[in-house]
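Chains as they are written, first to last, in the numbering used here: chain A, 1 to 111; chain B, 1 to 118.
Check before you lean on any hint, since a few could be wrong.
Stated by the list, open to error - Counterexamples of contact, computed for chain A against chain B with all Cβ distances above 10 angstroms:
#1 His10
#2 Val11
#3 Val13
#4 Lys58
#5 Glu66
#6 Ser70
#7 Ser80
Unchecked claim - Estimated spans, in silico, between C-beta atoms of each pair:
#8 A:Ser3 to B:Asp62: 19 to 27 angstroms
#9 B:Leu118 to A:Thr55: 43 to 51 angstroms
#10 B:Glu18 to A:Lys58: 40 to 48 angstroms
#11 B:Asn52 to A:Glu15: 44 to 52 angstroms
#12 A:Ser28 to B:Arg69: 26 to 34 angstroms
#13 B:Gly16 to A:Thr77: 41 to 49 angstroms
#14 B:Lys78 to A:Glu15: 40 to 48 angstroms
#15 A:Lys42 to B:Thr76: 18 to 26 angstroms
#16 A:Asn61 to B:Ile60: 31 to 39 angstroms
#17 B:Lys83 to A:Ser3: 20 to 28 angstroms
#18 A:His10 to B:Asp62: 27 to 35 angstroms
#19 A:Thr55 to B:Ile60: 45 to 53 angstroms
#20 B:Arg69 to A:Ser26: 43 to 51 angstroms
#21 A:Lys68 to B:His10: 35 to 43 angstroms
Worth flagging that the hints you see were computed from the coordinates, not collected in a lab.
For glycine and all other residues, C-beta sits at the position ideal for the given N, C-alpha and C.
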Amino acid sequence: AQSVTQLDSHVSVSEGTPVLLRCNYSSSYSPSLFWYVQHPNKGLQLLLKYTSAATLVKGINGFEAEFKKSETSFHLTKPSAHMSDAAEYFCVVSGVRDMRFGAGTRLTVKP
Amino acid sequence: EPEVTQTPSHQVTQMGQEVILRCVPISNHLYFYWYRQILGQKVEFLVSFYNNEISEKSEIFDDQFSVERPDGSNFTLKIRSTKLEDSAMYFCASSPIGGGLPNTGELFFGEGSRLTVL
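For reference, chain A alone in the conformation it holds in the complex (with noise of 0.2 angstroms):
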């Protein structure tokens, strides 16, 4: 079975510097990897994804992100973060018919 764990429920960081939310999965299969972002209020909006194409993964808004096989790792960064990257992140593996959503990490962004 596939699932997903975000290591971090909560990050904060300044306006400016770098952000990184962490997700490990587990996979019976060569898995599919998405990260979402859920503003407030707001529907869920696929950042990017890894589908065993390239490893380094080029996503909206300064995202990417990093397929590590030995790692069992899916992380998100960014260099710089903005204000308006405040939200919540939903690392996502694809199942056998649907998709697993991890707990997600609410990420705020201070000035």
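Following the hints, complete the assembly by docking chain B onto the known chain A.
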């Protein structure tokens, strides 16, 4: 840009009442999903729908739940007799190809319908 739309954005209902949540998926998409998120908890898969039938459902999706695509554009989730624990945000999603293996595609989510059961 095409998007998934959901109505209502918020519904308050009494325990035991029937609720229908509506979704309009993106028009050329073939796969449809419902997920829910109880406050403070994970986003959980409920059901997937393809070719006018349920293709997969979770253990949460019991006999109180049903889905329908009544007219080729809407995709509805019905809860027959709501319970307090059904209070959650319900997300509809659609995909041009399946969201699971082996044809993993991006799921496009709506903004959610918040259901409050009193």
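Tell me, which hint numbers fail for this structure? 19 and 20
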